[in-house]
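Asks: Letter by letter, the chains look like this.
There are 2 protein chains.
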Amino acid sequence: MQRIPKSTLKRLALYHRCFLDLKQAGIVKIQSRELSIQMGIESATIRKDFSYLGELGRQGYGYKIDFVLDAFEQVLNIQEKQKCILIGAGNLGRALMNFFTSERFTSELSHAPTALVAAFDNNPSISGLTINHIPILHTDQMIDYIKENQVKYVILAVPSHASQEIVDAITNLGIEGILNLTSTIINAGSMVVHEVDLAIELETLVFTAIQEQVNRKQTTIKDILDL
Amino acid sequence: MQRIPKSTLKRLALYHRCFLDLKQAGIVKIQSRELSIQMGIESATIRKDFSYLGELGRQGYGYKIDFVLDAFEQVLNIQEKQKCILIGAGNLGRALMNFFTSERFTSELSHAPTALVAAFDNNPSISGLTINHIPILHTDQMIDYIKENQVKYVILAVPSHASQEIVDAITNLGIEGILNLTSTIINAGSMVVHEVDLAIELETLVFTAIQEQVNRKQTTIKDILDL
Chain A
447 MQRIPKSTLK RLALYHRCFL DLKQAGIVKI QSRELSIQMG IESATIRKDF SYLGELGRQG
507 YGYKIDFVLD AFEQVLNIQE KQKCILIGAG NLGRALMNFF TSERFTSELS HAPTALVAAF
567 DNNPSISGLT INHIPILHTD QMIDYIKENQ VKYVILAVPS HASQEIVDAI TNLGIEGILN
627 LTSTIINAGS MVVHEVDLAI ELETLVFTAI QEQVNRKQTT IKDILDL
Chain B
447 MQRIPKSTLK RLALYHRCFL DLKQAGIVKI QSRELSIQMG IESATIRKDF SYLGELGRQG
507 YGYKIDFVLD AFEQVLNIQE KQKCILIGAG NLGRALMNFF TSERFTSELS HAPTALVAAF
567 DNNPSISGLT INHIPILHTD QMIDYIKENQ VKYVILAVPS HASQEIVDAI TNLGIEGILN
627 LTSTIINAGS MVVHEVDLAI ELETLVFTAI QEQVNRKQTT IKDILDL
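Chain order of the listed sequences is A and B.
In case it helps, my numbering puts the first sequence at residues 447 to 673.
In case it helps, my numbering puts the second sequence at residues 447 to 673.
Bear in mind the hints are in silico, worked out from the structure with no lab data behind them.
Note that the coordinates shown come from a computational prediction; the quantities given were computed from them, not determined experimentally.
Hints may be right or wrong, so weigh each one.
The list treats identical chains as interchangeable, and a pair is accepted whether it falls inside one copy or across any two copies.
[Unchecked claim] Straight line, CA to CA, 30 angstroms or less: simulated DSSO-like cross-link-like pairs of lysine-lysine: (1) Lys452 <-> Lys494; (2) Lys510 <-> Lys452; (3) Lys593 <-> Lys494; (4) Lys593 <-> Lys527.
Take these sequences, add in the hints, and give me the full structure.
Replies: Here it is, written out as structure tokens:
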């Protein structure tokens, strides 16, 4: 079968967000050219990406917002939000708790496919607290909690040295995926891992800015390298 | 001239990190097939990506680690680290300060193209503090600081409602790029913006996990949609 490339999966998440914003703005249909401009993605790429979801629009007619959103939501199975926990409630973890309990993420209109239900930390001065109605529990309770609540997703925000130990502990409990914010490579068996490494993101910004300067000067990166 | 696609720029940052790790492991050359397996990126994609940097290797011969790193570093102009500031030193900001002052980011071997030099916050109970030798200054001092120190990059971690106001304030001061962690769309004129939105990253993880389940069941997302 056809495997959806990673870059497409990321864009699918971006399209989903964009169509939700369009719906909220009261828009019912968008031309593919308009969508392309709004998202900064070429029409051909959008057509190719959407082809993975089936026939979502016709050439020259554009995309019906509701129809596209329905397709996304059948794939995401939004009817039942999947439970997600946060492991590690330090500075980063607490920032994530604020973010994932904000209206942007929890409102009906956000159509987020997951809901944050609990956080875990092994520091007894943090566990026991509650942030925006989400309890921070001690790591000792983590395995039982995952089993009893059929948790499907984990946001991992522990110190890097602790990451593999945590991953080993939550293996074979029914977890589908891990959002890894620890900047370490983890070995997670059959669980899907999606990494966000801010050092890489900052370097991507620098590459993009350099490319921008090069474009302004009408030279090429090859010219800089003198190759 | 040829414009480097965004997805390639992101991969260039990943290759750079990978080659630095290989060098640290004492490896001097890598076959393109090996590199492909290690990074989970197809050889053809790697060849295409590298073509933007010039002739970095020959078919069947592989890539010399030092040669590739030199090419990256000429592009990144690593000799002089660009100054980067953080705006917003709340939970997220302080987590970022710890991250960007960690050895992984600041060591000689990290070859990071930027260095975090200061943070800014408008909360007087935070400004005046120092985290890992990086001062947190009051936002009032921000514009003078940027001008005097020729700051080139900004990591934006303020509350969403404040993001555009900050961006407006730092326009035309020589800033090249903004790493936007505010989950809001900002209008930054000629400054390059790279967004990291954790809601999108979490949804990308969910898409990837669903795709993985679909693959295991040997059906397609089109089948789920019954199209």
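Asks: Next, verify each hint and record whether it holds.
Replies: Outcome of the hint check:
no.	hint	result
1	Lys452 <-> Lys494	both (14 angstroms within a copy, 17 angstroms between copies)
2	Lys510 <-> Lys452	both (25 angstroms within a copy, 27 angstroms between copies)
3	Lys593 <-> Lys494	neither (39 angstroms within a copy, 45 angstroms between copies)
4	Lys593 <-> Lys527	within (17 angstroms within a copy, 48 angstroms between copies)
Going through the hint list in order, the structure does not satisfy hint 3, though it satisfies all others.
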